[in-house]
Every structure is written in C-alpha cells, then in structure tokens.
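Same order as they appear, the protein sequences are chains A and B.
Counting from 1, one number per residue, gives the positions in the first sequence under the working numbering.
Counting from 265, one number per residue, gives the positions in the second sequence under the working numbering.
Treat the hints as calculated values from the structure; they're not laboratory data.
Positions of the beta carbon are idealized from the N, C-alpha and C atoms, including for glycine.
Please note: incorrect hints may appear among the correct ones.
[Said to hold, decoys possible] Across the chosen pairs, the derived CB separations fall in these ranges:
1. A:G236 with B:Q471: 49 to 59 angstroms
2. B:L405 with A:R49: 40 to 50 angstroms
3. B:R400 with A:E101: 55 to 65 angstroms
4. A:M260 with B:D380: 44 to 54 angstroms
5. B:L340 with A:E101: 18 to 28 angstroms
6. A:S88 with B:D364: 49 to 59 angstroms
7. A:R49 with B:S308: 34 to 44 angstroms
[What the hints assert, rightly or not] Some chain A residues well away from chain B (every beta-carbon gap over 10 angstroms; in silico):
8. F25
9. E136
10. M138
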Amino acid sequence: MANKLIAVLTDLGHRVTGALWRLGFASRFLLMILVYSGTSLRRFHLTIREIYFSGVMSLIIILVSGLFVGMVLGLQGYDTLERYGSSSALGVLVALSLVRELGPVVAALLFASRAGSAITAEIGLMKATEQLSAMEMMAVNPIARVVAPRFWAGVLSMPLLAALFSAMGIFGGYLVGVRLIGVDAGSFWSQMQASVDFREDIVNGVIKSFVFGIIISWIAVFEGYDAEPTAEGVSGATTRTVVTSSLAVLAADFILTAFMFRGA
Amino acid sequence: MPSTPSDSLVKVSNLSFAYDRRPVLSGINMEIPRGKVVAIMGASGCGKTTTLRLIGGQIKPTSGEVRVDGKVVHRLSSDGLYQLRRRMGMLFQFGALFTDMSVYDNVAFQMREHTDFPEELINDLVLMKLHAVGLRGAHELMPSELSGGMARRVALARAIALDPMLMMYDEPFAGLDPISMSIVGELIRKLNDALGASSIIVTHDVQESLKIVDYVYFVSAGKVVAEGTPEEIKASRAEYVHQFVWGEADGPVPFHYPATQPYGEEIMTQAAEVSNRG
C-alpha cells in the first residue's frame with residue numbers, strides 16, 4: 001500500500017517537474033524568438049508570406065463562422081430581449097457580445113485549430129526531414145529564418161481576424177434581427193453606436209486578441225520546434241498545440257476579462 | 265594518416281561523445297588533409313553520423329576536440345561557429361531540400377542569405393551550380409517532383425553554392441539506384457578537385473566509395489578499428505575490415521543481437537510459463 005502511494009506520488013512529481021521544465025524551455029524559446037526577431041522585421045517579406053499562409057488562408061473559416069455566430073446571436077438575443085420588450089437593443093447585445101468576448105475568443109479557437117496546427121506540423125516536419133539542421137549547417141539560424149516570421153505573422157494576424165469575425169457577426173445579427181425578424185434598423189444601429197465604447201469595448205477586445213495571438217503562436221512554434229522528429233512525434237505535437245492553446249486562450253480570457261470589465 | 269598538421273583541414277583528437285550516459289564515440293583520432301576525399305565507414309549505428317555532427321559543431325563532445333582550419337569547433341562562439349559554417353557544405357542523407365522552395369530557390373538560398381549579390385549574378389551562379397550536377401533543366405521543379413537521385417544532386421548543388429573549403433556527405437549513396445550512385449560518386453570526386461575543397465564521406469557503401477576516396481577510416485562501436493588507402497583496405501586481413509568489405513553476414517560483427525538467455529533455455533522457460541498459465 002505504502003509502496004503504491006510512493007509510486008503514485010513519484011509519478012505525480014515527475015509529471016509536475018516535467019511540465020515545469022517544458023515551461024522553462026518554452027519561455028527561453030520565446031526569449032530567443034524575441035532576440036532573433038530582427039531578421040523577420042527587417043526582411044518583412046518573410047513575415048508577409050507567413051501572414052498570407054496563417055492569416056489570409058484562415059479568412060474563409062473565420063468569416064463564415066462569424067456570420068453564423070452573429071445570426072445565432074440575433075435569434076437568441078431577440079428571443080430573450082422580446083420578453084422584456086426591449087428588442088430594439090438587439091444591436092447592442094450582438095455588438096457587445098462579439099466585440100468583447102466572442103470575436104476574440106472564438107476567432108482565437110478557430111485560429112489555433114486552423115493555423116496553429118499547420119504551423120506546428122510544418123516546423124515539426126521541417127525538423128523531421130532535417131531541413132532545420134540543413135539550415136543551421138548553412139549558417140542560417142532557423143529561429144530567425146523560420147520560427148520568428150511565423151510567430152510574428154500569428155501575432156499580427158490574430159487581431160485582424162478577430163475584428164473581421166466581429167464585423168461579420170454584426171452583419172449576421174443584422175441579417176437575422178433586422179431583415180428576417182423585422183427589428184427597426186434605425187434603433188439597431190443607433191443604439192449600437194451609442195452603447196459600444198471605443199476605449200472600453202473595442203480596444204479591450206483588440207488587446208485580448210493580441211494576447212491570444214501571442215499565446216497561440218508561441219505554443220504552435222514551440223511545439224513544432226520541440227517535436228520528436230518522427231511521424232508520431234509531429235502528430236502528437238500538432239494535437240498538443242490545439243489542446244494547449246485552446247485551454248490557454250480560455251484561461252487567459254478569464255483573467256483578462258476579470259481585469260478589464262470588473263464592476264463595469 | 266601520413267600528413268603533417270599543417271596539411272590537415274580537419275583534425276579530430278581523442279574525441280569522445282555520449283548520448284545521456286550511452287557512449288557513442290570513445291577516443292577517436294582522425295585527420296582530413298586538404299584537397300583529399302576521406303571516407304568514414306562502419307555499420308549502421310557505429311557513430312559515423314555523430315562524428316560528422318561533431319565536426320559541424322551541431323553537438324559538443326564529452327571530451328577531446330575537433331579542429332577545423334585550426335579552430336577548435338566546440339569552443340567557438342555562436343557567431344564564430346556560423347562564420348566557420350559558411351565555409352562548410354553538408355549533404356544530408358535524404359537531401360533535406362526546403363520543400364516550400366523550387367530547385368532554383370534552394371540553390372540560391374545561401375547566396376541570398378549571406379551575400380549582397382545582385383539577382384542577375386545569383387541567377388548565373390545558380391544555373392552554373394545546377395549545370396555542374398547536370399540539372400540546369402530542372403531549376404523550375406519543386407522538390408516533390410524530383411526522384412531520389414535528382415534530389416541528392418540538387419542538395420549537392422546547394423551545398424557547394426558558396427564554394428566551401430570542407431564538404432561533408434552523410435550517406436550520399438543510401439537508397440540510390442546503381443546509375444545514380446555512380447553519378448553522385450563521380451560528382452563528389454570531381455567537385456572536390458574542381459573546388460580545391462576537402463571532403464568527408466560518411467557511408468556504409470564500400471564498393472562505391474572505395475572507387476573515389478583517397479583514405480578510409482573504419483569505425484566500429486565508437487572506435488577507429490582500421491584505416492588506410494583503398495588498396496590497403498581491400499588487401500586487409502583484419503577480421504572486421506574483411507567482413508565489412510566483402511559483406512559477410514557473420515564475423516566480429518555478430519548476426520544476433522545479444523540476448524539475455526541462450527536460445528534453448530529461453531524457449532523452455534517461455535513454454536513452461538505458457539503451460540502454467542493454461
């Protein structure tokens with residue numbers, strides 16, 4: 001019995017120290033990305049190329065999801081507001097939900113599964129096929145040439161994608177609320193304009209999506225670079241990217257929301 | 265090896281390396297003279313590729329040192345190491361071409377990264393390097409469109425892009441058909457002589473490499489067990505060299521992976537366990 005308990009505790013200890021080691025490695029890796037970011041910012045076309053692959057190529061899923069989420073918000077919001085006779089506030093409800101929460105969070109979750117996984121798989125496969133070693137042997141630092149541009153592309157794409165998600169969602173809410181159900185268009189837009197505060201709502205939403213961009217890109221490039229150079233290793237790393245970055249985004253969202261909107 | 269230290273581009277002295285606590289190399293000594301092609305041969309897993317990685321500074325030795333052009337590789341700063349690597353070229357086992365770039369861009373990669381050459385000059389140089397490996401006509405293809413032999417030749421063109429003083433080849437013949445094998449072999453020799461470089465070939469392909477190299481080191485279980493010119497190697501009576509050169513299944517390198525129990529005993533024990541369970 002005592003032996004079993006010791007075994008369980010040892011195993012737990014191993015897991016905890018293992019996780020801490022990994023967190024340490026990941027932090028040092030982030031520091032190295034920042035140190036070697038000069039190339040990706042000086043030769044900005046490298047970053048632009050990655051923005052195309054992770055940002056532009058994610059547009060369809062982001063726009064379509066935004067539209068549907070906005071349409072559902074329109075339906076659900078109208079149903080609830082109608083009970084209190086305040087269906088004219090539908091615009092406010094749709095806009096605030098999207099700009100403050102759903103835009104940054106859902107766009108981040110979609111970005112993690114669409115672009116984060118692709119970044120991890122690409123870097124992991126480059127490692128497995130010795131492309132990163134080859135680059136090192138050619139005296140080119142793979143962190144500067146491969147990792148940093150992908151990291152910055154993710155960080156820059158995320159706020160733009162979240163903004164587009166919110167815009168598309170508001171349009172979806174308008175389609176359902178105004179066009180389909182028949183809420184007055186004037187009150188839909190004017191109440192939205194009056195109630196959505198630029199500093200309080202929009203800037204905070206942008207800050208959130210920027211933080212999510214850092215989290216997802218960091219996890220994605222680290223998992224790729226740290227992946228075992230085998231088929232199982234790369235597939236495991238890809239899965240970990242999606243799971244870890246989704247959970248990290250949700251946890252960070254709670255913390256940021258607690259700081260940004262407490263008592264507001 | 266019959267050479268004075270000043271002739272040697274690479275000098276490996278008493279080199280040891282271990283992964284975790286498992287020793288891979290123990291006390292290796294080698295010299296690679298300038299202008300020569302030297303092969304490091306041995307069975308899979310004997311530490312050949314590790315030696316190459318130590319020479320390229322990708323890993324650090326447990327003890328001993330590697331000097332390349334007079335500099336101790338593992339004591340260089342990261343800038344110093346990158347400066348040295350600009351004068352080295354390496355051909356990886358499966359080419360390691362950048363799959364998101366065309367053949368042309370792969371060969372141009374180092375020129376664009378390390379030089380301020382205008383694009384017209386890069387164009388001339390790339391086509392010249394590709395012509396040297398016979399693939400000028402393939403410059404627009406992507407790596408996925410190349411055969412194994414072609415990919416190896418493109419990787420070779422990429423490795424010689426900046427005219428290195430030292431070329432390293434990791435299993436350049438692995439997985440090639442006989443024709444591609446002799447093409448790659450001849451290219452290695454010709455390019456070495458044309459560039460005035462020195463080359464190290466890590467390989468287990470005896471017949472192909474003995475045709476083109478000047479000197480051979482045999483490595484087994486992390487030690488140099490034999491060395492000599494190709495003629496000396498072919499004539500060698502040392503048991504290990506004989507087994508390796510003539511491809512005999514059993515000899516000093518055993519056919520069987522070591523087992524804990526003798527065969528008969530293990531069979532009987534397992535049979536007893538099965539009947540007990542039944």
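Now the hints, each set against the structure:
Distance hint check for A:G236 and B:Q471: the Cβ-Cβ separation is about 41 angstroms, which falls outside the suggested range of 49 to 59 angstroms. The hinted range of 40 to 50 angstroms is not satisfied by B:L405 and A:R49, whose Cβ atoms lie roughly 20 angstroms apart. The hinted range of 55 to 65 angstroms is satisfied by B:R400 and A:E101, whose Cβ atoms lie roughly 58 angstroms apart. Distance hint check: the CB atoms of A:M260 and B:D380 are about 48 angstroms apart, consistent with the given range 44 to 54 angstroms.
Between B:L340 and A:E101, the C-beta spacing of about 52 angstroms breaks the proposed range 18 to 28 angstroms. One distance hint, 49 to 59 angstroms for the beta-carbon pair A:S88 and B:D364, holds here, with the actual separation near 52 angstroms. Remark: the range hint 34 to 44 angstroms for A:R49 to B:S308 is upheld by a beta-carbon distance near 39 angstroms. For A:F25, the shortest C-beta to C-beta distance to chain B comes to about 17 angstroms, beyond the 10 angstroms cut-off, and the non-interface label holds.
With a minimum CB-CB distance of about 7 angstroms to chain B, A:E136 fails to clear the 10 angstroms threshold, and the non-interface call is violated. Distance check on A:M138: its Cβ comes as close as 5 angstroms (rounded) to a Cβ of chain B, failing to clear the 10 angstroms threshold; non-interface status is violated.
Hint compliance for this structure: hints 1, 2, 5, 9 and 10 are broken, all remaining hints hold.
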